[in-house]
Amino acid sequence: MKRILLPAGGAILATGLLAAGLAGSAQADPTYDSEYLAATAAKAAETVEFWTKSNNAALRGAKAFSPDHLEVAKISAKGGYSPDSKPGSTAPIGEEKKTTAKVQNVNLPKTIGKVFFEGRDGNLYWCSGTSIQSKYRNLVATAGHCVYDLAANDEVVSRWVFVPGYYQGKAPFGLYVGKQAFTHYDLSIYEDLDRDYAFVTVYDGIGGVINAADKVTYDEYVDANKKGLKTDVKATEVPKAEYDKAQNTPDAVYYTSKPGEAAKEVGPDYPGAVVERVEVTKAQYEAAKAKGTGRGQGFIWGDPLEEQVDKAKYDDWAADSKRTDAAGNYFITHYYVQKWSVPGKDTKYYRLDFFVISHKLKSVGRLGDNVGGQGFAWNQPTGKYVRTFGYPQGEHPDGNKPYTGVTPKWCYGKTGTKTYTAAKYKVEEHVALKCAVTGGYAGGPWLYKYSNAKRLGYVNGVTSLIADTDDNKRYDTITTAYFDGETATVYNAAAAVWSGKLIP
231 MKRILLPAGG
241 AILATGLLAA
251 GLAGSAQADP
261 TYDSEYLAAT
271 AAKAAETVEF
281 WTKSNNAALR
291 GAKAFSPDHL
301 EVAKISAKGG
311 YSPDSKPGST
321 APIGEEKKTT
331 AKVQNVNLPK
341 TIGKVFFEGR
351 DGNLYWCSGT
361 SIQSKYRNLV
371 ATAGHCVYDL
381 AANDEVVSRW
391 VFVPGYYQGK
401 APFGLYVGKQ
411 AFTHYDLSIY
421 EDLDRDYAFV
431 TVYDGIGGVI
441 NAADKVTYDE
451 YVDANKKGLK
461 TDVKATEVPK
471 AEYDKAQNTP
481 DAVYYTSKPG
491 EAAKEVGPDY
501 PGAVVERVEV
511 TKAQYEAAKA
521 KGTGRGQGFI
531 WGDPLEEQVD
541 KAKYDDWAAD
551 SKRTDAAGNY
561 FITHYYVQKW
571 SVPGKDTKYY
581 RLDFFVISHK
591 LKSVGRLGDN
601 VGGQGFAWNQ
611 PTGKYVRTFG
621 YPQGEHPDGN
631 KPYTGVTPKW
641 CYGKTGTKTY
651 TAAKYKVEEH
661 VALKCAVTGG
671 YAGGPWLYKY
681 SNAKRLGYVN
691 GVTSLIADTD
701 DNKRYDTITT
711 AYFDGETATV
721 YNAAAAVWSG
731 KLIP
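Numbering (the numbering used here), first residue to last: 231 to 734.
If you are wondering where the hints come from, they were derived from the structure by calculation, not from laboratory data. Heads up, the beta-carbon is just placed ideally off N, CA and C, and yes, glycines get one too. A few of these clues could be false.
Stated by the list, open to error - Dumping the calculated DSS-like pairs for lysine-lysine here, alpha-carbon to alpha-carbon at most 30 Å:
1) K614 with K543
2) K664 with K684
3) K293 with K273
4) K654 with K664
As the list claims (entries may be wrong) - Computed Cβ-Cβ distance ranges for the label pairs, DEER-style:
5) E509 with E472: 14 to 24 Å
6) P534 with E472: 22 to 32 Å
7) E537 with Q514: 37 to 47 Å
Let's have the full structure, built from the sequences with the hints guiding it.
Shown next as structure tokens:
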């Protein structure tokens, strides 16, 4: 087995062997190494404060991690794999009953999310990762180079957290501070990218106290700085029947999504027309009322609705919609009309739910209890179908940037049956998959035997390198370390370690 390799940063050659015995490395097994990311509750609390202050500003400011672009120009195939022991697997958390339903769309797993950290260069980054089965339901799988800064003398990164389901500064299932990282000895000591994987134990999740609210209450607290509270809005897809029924409920907020063909405004008698409630000014309401039964906007939505408010909201409202009573109470009036349109293709219907989030933080429980955990498999045959997930954001070599990093993407296909090499990084034993993603996808899981109905499978790899194999300046292939018996040793060591709570 080789020992000295180019660091994942791609810019600095190792000048000698690093000493063994990293902090937190108390095990006798030479296969794996471990180091604390936040050994104490005080250190973890500082990490939570760093990422959550100013309404999660640091999370929103991070960028996809791609040190010296871990993307490569060429990979080459050679001989096949020789597993070092018998194949094995560990079942996922949250196995559900089998279903015979045929699902054509890909159901994204709840387990995936972003790994955030501060690099040794002081910048904030993210990789992709997933919750994975463990004894204490507290384990995350990601790429080794998303934990160890291999371009900085193999030190672990700082302020490492996992946020499953992350979306634009929001942590719907909480934020999980990394406590202890486990990786293969050859990665942490010899910078061997053939072992580019890591398993990280995390403390119980931390989240704000979330209270459901009606639209009026939400509006009162929408100014987070003024009220000292944060607000959130969640869109939930609903059946058309619920959407139709809600059109007679003024306090409900629903909308339609019309991808593909654009919606076209029509009259009420148009076949297939969908009616929506639209709030307008008093002048627009009166103009529509005068039209009687004209097209679209000509239909009135019941009577105006009056709402009692405080003076601040009263002052912000339209001048023709305000009044005060004899007792000095403030009122504003809402005016609505109906609007008919022909939906675009694949119309979906959504309900908006409103929440007020207290500044106070609380424990939201164990990671695996909240989002489940993928299984783990090793020494599996290659040339089998896998589904990979991650959050790409970087650009292609030609400068094209097709991904925003906001939502997760996926790839599906058969892995290569050969071992793949990348001379630039002295990689000799990677598995490859055709997948046209960019930086930020690294660390995302390769799920073997993924059930679209259960949203569960077996982690049998994590994205390591991204390659442009045909030199057309577009990335088209991703690679992972082959998960063998030694990978299982690293995983088993991590999966048996307890981490604990930050808030009782």
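Here's how the hints hold up against the structure:
{"no.": "1", "hint": "K614 with K543", "result": "violated, 60 Å"}
{"no.": "2", "hint": "K664 with K684", "result": "holds, 25 Å"}
{"no.": "3", "hint": "K293 with K273", "result": "holds, 23 Å"}
{"no.": "4", "hint": "K654 with K664", "result": "holds, 20 Å"}
{"no.": "5", "hint": "E509 with E472: 14 to 24 Å", "result": "holds, 21 Å"}
{"no.": "6", "hint": "P534 with E472: 22 to 32 Å", "result": "holds, 25 Å"}
{"no.": "7", "hint": "E537 with Q514: 37 to 47 Å", "result": "violated, 18 Å"}
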